[in-house]
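2 protein chains.
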Amino acid sequence: MLTLAGFDTGRIRNKKVLLKDFVSGTLEETDMLVETSSVKLKLPEDSNGVLVKNIYLSCDPYMRGRMSKPLFRSYIDSFQPGSLMSGFGVSKVIDSRHDNFREGDLVWGIIGWEEYSVISSPESLFKIEHTDLPLSYYTGILGMPGLTAYAGFYEICAPKKGEKVFVSSASGAVGQLVGQFAKLMGCYVVGSAGSRDKVDLLKSKFGFDDAFNYKTEFYLNGTLKRYFPEGIDIYFDNVGGKMLDAALRNMKTHGRIAVCGMISQYNREEPEGLNHLMNLVTKQVRMEGFLVNDHYHLYPKFLEMMIPLIREGKIVYVEDIIEGIQYAPSALAGLFHGINVGKQVVKVQRTKLYDSYAYEYESLYT
Amino acid sequence: MLTLAGFDTGRIRNKKVLLKDFVSGTLEETDMLVETSSVKLKLPEDSNGVLVKNIYLSCDPYMRGRMSKPLFRSYIDSFQPGSLMSGFGVSKVIDSRHDNFREGDLVWGIIGWEEYSVISSPESLFKIEHTDLPLSYYTGILGMPGLTAYAGFYEICAPKKGEKVFVSSASGAVGQLVGQFAKLMGCYVVGSAGSRDKVDLLKSKFGFDDAFNYKTEFYLNGTLKRYFPEGIDIYFDNVGGKMLDAALRNMKTHGRIAVCGMISQYNREEPEGLNHLMNLVTKQVRMEGFLVNDHYHLYPKFLEMMIPLIREGKIVYVEDIIEGIQYAPSALAGLFHGINVGKQVVKVQRTKLYDSYAYEYESLYT
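One line per chain: the protein sequences are P and R, in this order. First residue of the first sequence? That's 27 in my numbering, and the numbers climb one at a time after it. First residue of the second sequence? That's 27 in my numbering, and the numbers climb one at a time after it.
If you are wondering where the hints come from, they were derived from the structure by calculation, not from laboratory data. Check each hint, because a few of them may be wrong.
Repeated chains share a single entry, so a pair holds when one copy, or any two copies, can fit it.
[To be verified] Cross-link-like lysine-lysine pairs, in silico, DSS-like; alpha carbons within 25 Å at most:
hint : residue 1 : residue 2
1    : K209      : K95
2    : K153      : K278
3    : K327      : K187
4    : K95       : K309
5    : K268      : K309
6    : K309      : K187
7    : K278      : K46
8    : K309      : K241
9    : K251      : K95
10   : K231      : K46
11   : K309      : K231
12   : K95       : K278
13   : K186      : K68
14   : K118      : K68
15   : K66       : K186
16   : K41       : K231
17   : K153      : K209
18   : K241      : K229
19   : K340      : K309
20   : K46       : K327
21   : K118      : K66
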């Protein structure tokens, strides 16, 4: 198979993002390293995998857990010091020795943080069928964060029309969708975010009924009482820590808390203490942690709902796209400082070199 | 209606337990007061209630919440300083002006902490049909704590055969039943308690697979790892605090925590901090607080299961019965020091004066 005329045996540049060393405390850009190596643009004869060119990399808070010493590891293995990082991304198949994939297929799933990846078990990749929507959406609204919001809200929160919903980190990759799902369901929804701009976005773009900047609030228990004088039916928690503790104090009887993540805790050596768990009993609250991993069987149903909603403009999505894989370390670290507005994506190549809607091989030669 | 020949218009002694003042910190016997007043043994013509003679009073940890200032109040109203306390108990109807009750009926439900109570809304009382079992059982295994264990275990924990179950405060009113339910279900069950005697009881009498004295363990995370090397599927939490935090670290994927109570916290001015909530996410754990109030519709089904199990000796129950209402304050305070072994009950009158199986009026005249 000739992938590129004249380049069948050639090697090409492959920039990679490596973890420098295990991270403790706040993640910084300098905890990662961008290195240039090369890759052969053809799979060996005995491969059963695919070779992909990576188009978008997804920056997700859960990745922080993979950067700590395994002692404190997350639900998945840690990255190794000096080794390639990986994460969700969107890619194009440029060589395939697997029956399910052909050259030219667009896919999303776990890929290396590099320009080209060899995926030895491509069964885990999703083929992208709807290519009229921005391909970057498959790192967000149509990818893992989208399904996370969907499963977390509809399955874990079990929402009912008219219920009062609170979402933290509400302008993030997951939060902005949860708020819009809540509105579609006929709920009252308030979001918290970390800047005035984000708060404006929540109200003007995503249709939240109200929103506040948690950084300018000094007593979150009182803040939540102000926005939810009758209490919270559903809290979709992306942050943990003090906000979760305050939400616990403001839950209504039979309230539900979906714990999606605890970004406020990921950079701490010792997690913050929560003092108001007794509210679980007195208010008969269900608090449930979940991972999207359990819910991939819902992906077809999820897409069926989402594609028309996006096409009709009934659900919108804000992305924060940085261009050039060399900026991936700063984009990932930025998540923990609230730098991103909306879903943080890294476009592997600079825009001028190709257009993601009509992807060309030009960039391969740069 | 002549309740007692010659006493139809007379008044009789009525010892009562009053809350002295709102309690902060550890509950002490001296926070309550026993006072003697009198009661008329006949209801007024215009009453729609019942007059009961109280046989057993139930000492339950939740009562501590009713003894604090309303600012920190529990899910039910606080008692008032200088006023009568109330709680679950077993009583005999000695006068009734309500269609559902007749003189001589045995009932259980919320009564005053006194020798005689006028119940103005007796609809909330349960009539006792099975009188061949100890009447005191209706404060425990066949009353509120029994139904709590039943609903908490079968409904909230959703147990499956072979699962690994941990129960704290395992020799208490609720815990001893949860352990036995778990064994009936074919689970592996370990309990924690606060003395060597209680630990022995768990293993020898209630059939727990293993048990430990939490007071002699200095690192509960390690303790739980020892008893559950593969993790905990179900934690039935009666204590909260450090034990809950350690259990969170030892849960298996898709584990469930039923939060029934947090006795370790009730006497604290500030609740203890929990640091390991992130395990809810990484292990996809459901943690649910519940109150028995939601589950009274299950009571007939519960009785149907329990009565034959008790009669056949397949479920046993240990009670700690103190005699004389004057000891009720020390019995209640004792709960928070782990003085009781099994369900703490107060028999209102001393034994010699009557026999609960063949209750007589003699004691009325003493």
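Now for the hints, and whether the structure bears them out:
For the homomeric pair K209 and K95, neither the shortest alpha-carbon distance inside one copy (40 Å) nor that between copies (39 Å) is at most 25 Å. Neither within a single protomer nor between protomers do K153 and K278 lie at most 25 Å apart by alpha-carbon distance, with minima of 42 Å and 33 Å respectively. In the homo-oligomer, the alpha carbons of K327 and K187 lie at most 25 Å apart inside one protomer (21 Å), although the nearest pairing across protomers, at 33 Å, exceeds that limit. Taking the closest pair of Cα atoms, K95 and K309 come within 25 Å of each other only across two copies (18 Å); inside a single copy the shortest separation is 38 Å, beyond that limit.
Taking identical chains as interchangeable, the C-alpha atoms of K268 and K309 lie at most 25 Å apart whether they share a chain (19 Å) or sit on different chains (21 Å). In this assembly of identical chains, K309 and K187 lie within 25 Å of each other by CA distance solely inside one copy; the values are 20 Å within and 30 Å between copies. Taking the shortest alpha-carbon separations for K278 and K46, neither the intra-copy value of 46 Å nor the inter-copy value of 32 Å comes in at or below 25 Å. Taking CA atoms no more than 25 Å apart as the test, K309 paired with K241 passes in neither setting, with 28 Å inside one copy and 30 Å between copies.
When the C-alpha separation of K251 and K95 is checked against a cutoff of 25 Å, the pair qualifies only between copies, where the shortest distance is 21 Å, while the shortest distance within a copy is 39 Å. Neither within a single protomer nor between protomers do K231 and K46 lie at most 25 Å apart by alpha-carbon distance, with minima of 39 Å and 57 Å respectively. Proximity of K309 and K231 under a CA criterion of 25 Å is satisfied in neither setting, with 33 Å inside one chain copy and 34 Å between copies. With identical chains, the CA atoms of K95 and K278 are at most 25 Å apart between copies only, with a shortest distance of 21 Å across copies and 39 Å within one.
For the identical chains of this complex, K186 and K68 are neighbours neither inside a copy (52 Å) nor across copies (50 Å), given an alpha-carbon limit of 25 Å. In this homomeric assembly, K118 and K68 come within 25 Å of each other (Cα to Cα) only inside a single copy, at 14 Å, whereas the closest approach across copies is 88 Å. Neither within a single protomer nor between protomers do K66 and K186 lie at most 25 Å apart by alpha-carbon distance, with minima of 54 Å and 52 Å respectively. For the identical chains of this complex, K41 and K231 are neighbours neither inside a copy (36 Å) nor across copies (67 Å), given an alpha-carbon limit of 25 Å.
In the homo-oligomer, the alpha carbons of K153 and K209 never lie at most 25 Å apart, since the shortest distance is 30 Å inside one protomer and 48 Å across protomers. For a Cα distance limit of 25 Å, the shortest separation of K241 from K229 inside one copy, 17 Å, qualifies, whereas the shortest one across copies, 52 Å, does not. Within a single copy, K340 and K309 get their C-alpha atoms no closer than 35 Å, and across copies no closer than 34 Å, so neither meets the 25 Å cut-off. Taking identical chains as interchangeable, the C-alpha atoms of K46 and K327 are never at most 25 Å apart, the minima being 40 Å within one chain and 61 Å between chains.
Proximity of K118 to K66 under the C-alpha cut-off of 25 Å is restricted to the intra-copy arrangement: shortest distance 16 Å within a copy versus 89 Å between copies.
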